[in-house]
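There are 2 protein chains.
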Amino acid sequence: MNFRHFSLSIAAALLCATSALAQNPPANPPAAPPSMMDRLNAFLGLGGKSAWTPEQLAAMNKLRDAAMKDPYAYNELHHLTDNIGPRLSGSPQAQAAVDWVAGEMRALGAEVTLEKAMVPHWVRGEEKAELVSWPGQATGTKQKIVLTALGGSVATPPEGITAEVVVVKNFAELHALPAGAVKGKILVFDHPFDKELAGNGDGLNAYGNGVVYRAAGPAVAASAGAVAVLVRSVGGAEFRIPHTGMTDYAPGIEKIPAGAVTAEDAELLANLANQGPVKLHLTLTPQTFPDAQSYNVIADWKGSEHPEQVVIVSGHLDSWDLGTGAIDDGAGIAVSMQAIHLLKELGIRPKRTVRFVAWMSEEEGSQGAAAYMAEHKAEFANHIGAIESDLGADHPTGIYYAGKPALGAYLRPLSAVLEPIGAEVLSDSTETGEDIAGLTEGGVPSFAPIQDSRFYFNYHHTPADTFDKIDFKHLNENAAVMTVLAYALADSAEPAPR
Amino acid sequence: MNFRHFSLSIAAALLCATSALAQNPPANPPAAPPSMMDRLNAFLGLGGKSAWTPEQLAAMNKLRDAAMKDPYAYNELHHLTDNIGPRLSGSPQAQAAVDWVAGEMRALGAEVTLEKAMVPHWVRGEEKAELVSWPGQATGTKQKIVLTALGGSVATPPEGITAEVVVVKNFAELHALPAGAVKGKILVFDHPFDKELAGNGDGLNAYGNGVVYRAAGPAVAASAGAVAVLVRSVGGAEFRIPHTGMTDYAPGIEKIPAGAVTAEDAELLANLANQGPVKLHLTLTPQTFPDAQSYNVIADWKGSEHPEQVVIVSGHLDSWDLGTGAIDDGAGIAVSMQAIHLLKELGIRPKRTVRFVAWMSEEEGSQGAAAYMAEHKAEFANHIGAIESDLGADHPTGIYYAGKPALGAYLRPLSAVLEPIGAEVLSDSTETGEDIAGLTEGGVPSFAPIQDSRFYFNYHHTPADTFDKIDFKHLNENAAVMTVLAYALADSAEPAPR
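First to last, the sequence lines map onto chains W and P.
At position 466 of the first sequence (counting the first as 1) the number is 466 in this note's numbering, and the numbers step up by one without a gap.
At position 155 of the second sequence (counting the first as 1) the number is 155 in this note's numbering, and the numbers step up by one without a gap.
To be clear, the hints were calculated from the coordinates, so they are not data collected in a lab.
Take the hints with a grain of salt, since some may be wrong.
[Stated by the list, open to error] Far from chain P, some chain W residues (derived; all Cβ distances over 10 Å):
no.	residue
1	P71
2	H78
3	R106
4	G136
5	G160
6	H175
7	A237
8	E267
9	G442
10	P463
11	K469
[Said to hold, decoys possible] For lysine-lysine, the following DSS-like pairs were computed, each having C-alpha atoms within a straight-line distance of at most 27 Å:
no.	chain 1	residue 1	chain 2	residue 2
12	W	K128	W	K302
13	P	K183	P	K255
14	P	K279	P	K351
15	W	K62	W	K344
16	P	K142	P	K195
17	W	K473	P	K195
18	P	K144	W	K144
19	W	K344	W	K142
20	P	K279	P	K62
21	P	K169	W	K142
22	P	K128	W	K128
23	P	K169	W	K473
24	P	K473	W	K169
25	W	K169	W	K183
26	W	K128	W	K69
27	W	K62	W	K302
28	P	K116	P	K144
29	W	K255	W	K62
30	P	K255	P	K144
31	W	K144	W	K183
32	W	K69	W	K473
33	P	K302	P	K279
34	P	K404	W	K128
35	W	K128	P	K144
36	P	K128	W	K144
37	W	K128	W	K255
38	W	K69	W	K279
39	P	K255	P	K49
40	W	K169	W	K195
Don't be surprised by glycine CBs; every beta carbon is placed ideally from N, CA and C.
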């Protein structure tokens with residue numbers, strides 16, 4: 001998940017940089033929990049006529065139970081992360097993942113299409129930094145600074161640059177500095193991640209509050225004359241690991257090298273710079289190549305009555321390159337694959353087509369999704385629903401839905417199906433998934449598992465996003481939500497309200 | 001803390017490698033908690049005649065309260081970690097730390113001596129590894145393996161080595177392999193850290209169970225014909241950070257390059273090697289220079305009646321080089337400095353000398369401590385007590401003591417003094433500190449704060465051992481234990497039982 005929808009546009013950030021808005025960017029408030037009565041009604045299956053027959057509800061129960069036992073999702077994810085590895089857009093690993101997923105889907109009997117998309121092709125290079133002078137420095141010593149390049153960053157010269165460091169907490173502090181204070185310097189945005197907010201379950205807003213510095217920081221810093229920019233990693237972990245992620249440059253503003261330092265290194269820089277001049281030697285040598293040909297993998301489990309009507313189950317196949325993309329978003333791919341696998345295993349052929357989509361390049365601009373939207377715009381009326389899982393693989397408490405309020409009543413019988421795995425909540429949301437946002441905007445009802453995000457931002461975009469972070473039971477709960485919901489949307493007598 | 005006392009000798013490890021002992025090395029059982037009655041008596045100050053007058057106990061209360069408020073320890077630790085940085089034995093930073101601590105102690109009016117010790121001078125070099133072939137590998141891809149060299153490791157050739165990987169869980173699995181199975185290979189010990197044991201408060205034994213592989217692994221692997229050895233990091237964190245630490249080579253056995261991979265990378269290697277041949281390219285280029293001249297810093301706060309009698313307050317000044325040595329063991333240094341600082345601030349001159357010692361090179365063999373023991377052997381009778389803090393800076397629950405059982409009754413009045421900060425437990429132990437082990441063996445009563453070790457091994461010896469891990473209140477609680485105990489030992493009418 002890249003959360004570009006959280007990033008203010010560069011222009012807005014430049015405009016707002018001195019306002020309170022920049023410190024508290026607009027972000028979605030957490031969805032209100034359903035009332036006790038709603039929960040009770042949902043649990044009892046009350047609140048209106050069900051869109052599903054008792055036989056269909058029995059099939060959902062079977063799919064749920066199968067999802068909780070079947071190791072397919074877990075094993076596929078293990079292969080994707082360990083055997084294929086990191087899947088940066090445009091990389092050989094991303095292509096290998098496309099080929100492998102397509103093969104797996106064909107093996108299940110799905111109808112597979114590779115849909116072309118041109119994607120960014122950015123390759124991480126050397127990345128290192130060290131303090132070369134600071135207050136109280138002992139003769140002949142340096143200090144290592146742990147950092148990583150932000151996605152899309154331009155490079156320093158191969159031998160690096162050496163410049164004084166200026167540390168600010170936020171845009172407002174930057175703009176309070178005297179004119180020229182940042183000229184020729186390396187600007188550091190030391191904006192701490194709100195761990196309490198994340199720990200209270202609102203990781204998305206904690207992330208949103210910090211990620212504006214990652215997205216807009218380079219352009220804002222360059223406007224102020226900085227020669228490079230470092231942002232404090234946007235994440236909750238305290239283990240000196242950097243969090244990468246896409247940055248944005250602005251037209252007409254110089255592109256300067258951009259990296260993320262760890263929380264620890266941001267605090268070290270802030271402490272030392274507060275005592276006197278601090279000089280940093282910084283080397284980042286990523287390369288940006290011409291856009292590369294890549295693909296969304298589309299695999300249709302054809303509907304028995306309305307094959308032209310589709311319900312999408314999806315995740316994104318690309319990942320950042322520091323880890324192996326287990327929680328972001330191998331898990332979304334694996335639980336979507338599981339939906340097709342279980343329909344096959346249980347011999348279920350819903351009325352409508354269940355379409356698996358492995359989106360490409362979500363992390364670097366959602367070019368795969370854009371290609372799909374352009375290609376299928378005319379078929380949106382036949383898109384009955386779209387689901388994406390892209391917030392990890394921790395325990396899901398239910399389903400987010402975006403679209404008509406009537407979707408809530410429509411989904412109520414599913415709440416009872418998912419209650420035994422603790423996923424009975426139904427929650428209205430304006431956001432379901434980055435890749436399906438175009439469908440949502442086009443009037444297609446869209447959905448996502450409501451995932452526990454308390455720990456997600458400790459690992460997301462870091463070297464520690466690896467397979468061992470996956471819990472078998474939690475992953476299967478997500479697979480159950482995905483599979484039950486996909487079947488329900490694809491087999492209901494009437495399509496979901498829109 | 002290096003916990004060399006946990007490491008079996010190489011010879012023993014080689015002998016025991018096939019026995020159950022190797023999987024469950026002997027380690028100290030956790031100290032039994034005091035009975036409810038003991039606690040009550042301690043709290044009430046009952047259980048025998050107090051060695052301290054009401055006036056002395058009042059002074060202890062004052063020292064405790066001052067320790068809880070005074071920011072000296074916290075600020076000194078901040079300078080040591082951020083401004084001086086990592087302090088590897090023989091490094092310019094270690095020398096800078098010696099000079100700075102000596103200066104700070106002179107500024108307090110203590111009598112400072114720099115006591116020579118020859119210490120190892122090992123310097124970390126380049127360290128990187130990548131998988132070059134594995135089952136399911138996509139054409140043209142490699143995978144990064146995160147690791148660090150173990151302290152004292154020899155180097156690979158500058159261009160690295162490439163070899164197949166063999167993964168075992170423990171010595172028994174290694175010895176169950178066919179003869180020659182490891183010859184020419186890189187041997188990986190994938191022995192998981194027992195996080196449950198650590199989480200339950202017994203971090204020391206969790207560490208002890210794993211650290212034998214770090215200590216003896218290289219010699220055992222070389223004996224089996226391996227060309228290099230990698231051990232799974234001995235620590236509880238799941239953030240893909242490696243834990244360094246000293247390794248041992250054995251006389252007459254080839255020295256092979258030795259590193260620690262992260263828990264995540266150990267699991268990746270184990271999973272892939274379980275599927276088929278895995279080849280790794282490994283580059284480690286540390287250098288071992290001739291032993292360097294270094295120093296223990298000794299600073300005496302001279303006693304008013306028996307200046308020749310000394311009570312030691314101490315920590316070790318050297319650290320590993322990945323982090324900045326905040327919890328291991330900058331904290332021990334800072335709380336020991338605080339003891340001298342508070343005696344000065346409160347104008348207290350105990351009967352006996354309170355001797356601050358900043359030990360050098362604990363991490364690489366305790367050469368500083370060995371030099372002290374050799375130099376002061378004849379004065380052990382005048383060493384009334386020795387305290388070391390070397391298990392971090394989390395909440396202390398009381399005092400470990402090593403020596404005569406009568407020490408328990410002797411210390412009881414202190415339990416009441418320390419109860420308001422939750423540090424009232426008195427616990428017999430055979431271990432108090434690595435650096436003061438020679439004094440303990442020489443019959444000197446020795447002591448340590450009982451520190452909460454549940455989180456210590458998540459950070460210890462990693463890049464994440466940095467100042468932000470220090471909690472002001474917890475650090476001050478440790479300073480209070482150190483200061484109250486030092487004063488008590490130095491001012492009691494009768495010396496502590498021995």
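Here is what the structure says about each hint:
Against chain P, the non-interface label of P71 of chain W holds: every CB pair exceeds 10 Å, the least being about 14 Å. Once the 10 Å rule is applied to beta carbons, H78 of chain W is inconsistent with being away from chain P; the minimum gap is 7 Å. The beta carbon of R106 of chain W is kept farther than 10 Å from every beta carbon of chain P, the shortest such distance being approximately 17 Å. The non-interface label for G136 of chain W is inconsistent with chain P: the shortest C-beta to C-beta separation is roughly 3 Å, within 10 Å.
Every CB of chain P lies more than 10 Å from the CB of G160 of chain W, the least distance being 17 Å, so the non-interface label holds. Non-interface status of H175 of chain W relative to chain P is upheld: no Cβ of that chain comes within 10 Å, the nearest being about 27 Å off. A237 of chain W, annotated as away from the interface, has a beta carbon of chain P within 10 Å; the closest lies near 6 Å. The claim that E267 of chain W is not at the interface with chain P is violated, since a C-beta of that chain comes within 10 Å of its own (minimum 5 Å).
G442 of chain W, annotated as away from the interface, keeps every beta carbon of chain P farther than 10 Å; the closest lies near 35 Å. At roughly 4 Å, the least C-beta separation between P463 of chain W and chain P is not larger than 10 Å, which violates its mark as non-interface. Annotated as non-interface, K469 of chain W brings its C-beta within 10 Å of a C-beta of chain P; the closest such distance is 7 Å. A threshold of 27 Å between alpha carbons decides the hint, and for K128 of chain W with K302 of chain W the separation of about 51 Å lies outside it, so the pair is violated.
The suggested pairing of K183 of chain P with K255 of chain P holds, with an alpha-carbon distance near 15 Å, which does not exceed 27 Å. Using a Cα cut-off of 27 Å, the hinted pair K279 of chain P and K351 of chain P is violated, with the two alpha carbons roughly 65 Å apart. Between K62 of chain W and K344 of chain W, the direct Cα distance comes to roughly 13 Å. Compliance with the 27 Å bound is thereby established for this hinted pair. Between the alpha carbons of K142 of chain P and K195 of chain P the distance comes to roughly 31 Å, so the proposed pair goes past 27 Å and is violated.
For the hint linking K473 of chain W to K195 of chain P, the alpha-carbon distance of about 20 Å falls within 27 Å, and the restraint holds. With a C-alpha separation of about 21 Å, the suggested pair K144 of chain P and K144 of chain W falls inside the 27 Å cut-off, and the hint holds. With a C-alpha separation of about 60 Å, the suggested pairing of K344 of chain W with K142 of chain W is violated against the 27 Å cut-off. The suggested pairing of K279 of chain P with K62 of chain P is violated, with an alpha-carbon distance near 63 Å, which exceeds 27 Å.
With a C-alpha separation of about 38 Å, the suggested pair K169 of chain P and K142 of chain W falls outside the 27 Å cut-off, and the hint is violated. As the CA atoms of K128 of chain P and K128 of chain W are separated by approximately 14 Å, the hinted pair is consistent with the 27 Å bound. Straight-line distance between C-alpha atoms of K169 of chain P and K473 of chain W comes to about 25 Å, which keeps the hinted pair within the 27 Å bound. Restraint check for K473 of chain P and K169 of chain W: the C-alpha separation of about 25 Å stays at or below 27 Å, so the hint holds.
About 18 Å separates the Cα atoms of K169 of chain W and K183 of chain W, which keeps this hinted pair within 27 Å; it holds. For the hint pairing K128 of chain W with K69 of chain W, the CA-to-CA distance comes to about 45 Å; that exceeds 27 Å, so the pair is violated. For the suggested pair K62 of chain W and K302 of chain W, the alpha carbons sit about 20 Å apart, so the restraint of at most 27 Å is met. Simply put, K116 of chain P and K144 of chain P have alpha-carbon atoms about 43 Å apart, too far for the 27 Å limit, and the pair is violated.
Simply put, K255 of chain W and K62 of chain W have alpha-carbon atoms about 54 Å apart, too far for the 27 Å limit, and the pair is violated. Our distance criterion of 27 Å between C-alpha atoms is met by K255 of chain P and K144 of chain P, whose separation comes to about 25 Å. For the hint linking K144 of chain W to K183 of chain W, the alpha-carbon distance of about 24 Å falls within 27 Å, and the restraint holds. Simply put, K69 of chain W and K473 of chain W have alpha-carbon atoms about 9 Å apart, close enough for the 27 Å limit, and the pair holds.
Under the criterion of a C-alpha separation no larger than 27 Å, the hint pairing K302 of chain P with K279 of chain P is inconsistent with the structure, at around 62 Å. This hinted pair does not check out: K404 of chain P and K128 of chain W have alpha carbons roughly 53 Å apart, beyond 27 Å. For the given pair, K128 of chain W sits about 16 Å from K144 of chain P by alpha-carbon distance, which is consistent with the 27 Å threshold. Proposed proximity of K128 of chain P and K144 of chain W is supported: the alpha carbons are some 16 Å apart, at most 27 Å.
At roughly 19 Å between alpha-carbon atoms, K128 of chain W and K255 of chain W fall within 27 Å of each other, so this suggested pair holds. About 56 Å separates the Cα atoms of K69 of chain W and K279 of chain W, which puts this hinted pair outside 27 Å; it is violated. For a cut-off of 27 Å, the pair hint linking K255 of chain P to K49 of chain P is broken: about 57 Å separates their Cα positions. As the CA atoms of K169 of chain W and K195 of chain W are separated by approximately 16 Å, the hinted pair is consistent with the 27 Å bound.
In this structure, the hints that do not hold are numbers 2, 4, 7, 8, 10, 11, 12, 14, 16, 19, 20, 21, 26, 28, 29, 33, 34, 38, 39, in rising order.
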